[in-house]
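Chemist: Protein sequence lines, in the order shown, are assigned to chains B and U.
Its first residue numbered 1, the first sequence is counted upward by one per residue in the working numbering.
Its first residue numbered 1, the second sequence is counted upward by one per residue in the working numbering.
Treat the hints loosely; a few may be bogus.
On the chain B side, residues computed to face chain U include the following (Cβ under 8 Å) [to be verified]:
hint, residue
1, N16
2, P17
3, C41
4, M81
5, V84
6, D85
7, L87
8, L88
9, E114
10, R144
11, Q146
Calculated Cβ distances over 10 Å to all of chain U for the following chain B residues [what the hints assert, rightly or not]:
hint, residue
12, V18
13, R19
14, A54
15, A63
16, G100
17, I113
18, M132
Ranges of calculated distance between the beta carbons of each label pair, as one might list FRET restraints [to be verified]:
hint, chain 1, residue 1, chain 2, residue 2, range
19, U, P55, B, F74, 15 to 21 Å
20, U, V56, B, N94, 22 to 28 Å
21, B, R79, U, S64, 34 to 40 Å
Hints were generated in silico from the structure; no laboratory data involved.
Every residue gets a Cβ at the ideal spot worked out from N, C-alpha and C, and that includes glycine.
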Amino acid sequence: MNGIGDIADMATTTTNPVRQATRRYFIEFAISMTAYVATICISRSLLYGPMRTASPGWQYVIALLPLVPILLVFGAIVRYMLGVDELLRRIQVNSLALAGGATALIAAAYGLIEGDYAPKLSAWWTFVTFMMAWLIATFFVRRRYQ
Amino acid sequence: MKNRLKVLRAENDWTQAELADRIGVARQTIVALEKGKYSPSLELAFRLSKLFGKPVEQIFDPESVDGKPD
């Protein structure tokens, strides 16, 4: 969510609360994403291996295992937004609002043609679309203040 | 909103990063403030006022407010 120069600034030891919040965010994000990859590998290998014949309830639990690190990422984002200064928070809030609106529009538009004129897609694509829209929105909102 | 932040920062021989550290914001925020692309909250304006030892109106130019949101 920050530029390369900002990230380099954040690497230095400081008492600036914004830098501390940003450094903590990158650490938490890295740990959470590592855990996400690990849980994906574990849950998939279990579902296609020893848990293949388990009850559906257990299979749901195993399939949803990667949700735990995703919740950790969500917590890291919330802590980051509460820890940064007013301009960075404004940039993120505006970006999230734009991304949410864009995702809703895209989902609604695709919903109107899905099945008849376009293939049915997994609900997972809504999440992917939102994250991409957030990234793009952050880029353009940041530019307003540069 | 136009302001004298860049001049005041130069008078104190501070870099943007040093000023950012002194008032607890990101350097990006200092850049936006100096370019007049972002109007600070009252709280941030008063923090800057306290840091530079000058009234808010001597740092920020109220005449330059155009009524448009940031």
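Chemist: Look at each hint and say if it fits the structure.
Modeler: Here is how each hint holds up against the structure:
Interface hint at B:N16: satisfied, since its Cβ lies 5 Å from the closest Cβ of chain U, which is below the 8 Å cut-off. Given hint, B:P17 at the interface with chain U, holds; its Cβ is 5 Å from that chain's nearest Cβ, closer than 8 Å. With its C-beta approaching chain U no nearer than about 36 Å, B:C41 sits outside the 8 Å limit, and its interface hint is violated. Hint status for B:M81: violated, given a least beta-carbon distance of 13 Å to chain U, over 8 Å.
For B:V84, the interface hint holds, the least distance from its beta-carbon to any beta-carbon of chain U being 7 Å, beneath 8 Å. Residue-level restraint check for B:D85 holds (minimum Cβ-Cβ distance to chain U is 4 Å; threshold 8 Å). Checking B:L87 against chain U: minimum C-beta separation of about 4 Å stays under 8 Å; hint holds. This hint holds: B:L88 has a C-beta 6 Å from the nearest C-beta of chain U, less than the 8 Å allowed.
Taken as an interface hint, B:E114 does not check out: its beta carbon lies about 37 Å from the nearest beta carbon of chain U, beyond 8 Å. At a threshold of 8 Å, the smallest CB-CB gap from B:R144 to chain U is about 7 Å, leaving the interface hint in force. The interface hint given for B:Q146 holds, since its Cβ lies 7 Å from the closest Cβ of chain U, which is under the 8 Å cut-off. At roughly 5 Å, the least C-beta separation between B:V18 and chain U is not larger than 10 Å, which violates its mark as non-interface.
The claim that B:R19 is not at the interface with chain U is violated, since a C-beta of that chain comes within 10 Å of its own (minimum 8 Å). With a least beta-carbon separation of about 49 Å from chain U, B:A54 lies farther than 10 Å from that chain, consistent with its non-interface assignment. Annotated as non-interface, B:A63 keeps its C-beta farther than 10 Å from every C-beta of chain U; the closest such distance is 39 Å. A cut-off of 10 Å between C-beta atoms confirms that B:G100 is not in contact with chain U; the least separation is 20 Å.
For B:I113, the requirement that its beta carbon stay farther than 10 Å from each beta carbon of chain U is met, with the minimum near 36 Å. Separation of B:M132 from chain U is adequate, the least Cβ-Cβ distance of about 23 Å exceeding the 10 Å criterion. The hint said 15 to 21 Å for the Cβ distance between U:P55 and B:F74, and at roughly 43 Å that hint is violated. Between U:V56 and B:N94, the C-beta spacing of about 26 Å keeps the proposed range 22 to 28 Å intact.
Our hint of 34 to 40 Å for B:R79 and U:S64 holds, since their Cβ atoms are close to 36 Å apart.
Of the numbered hints listed earlier, those contradicted by the structure are 3, 4, 9, 12, 13 and 19.
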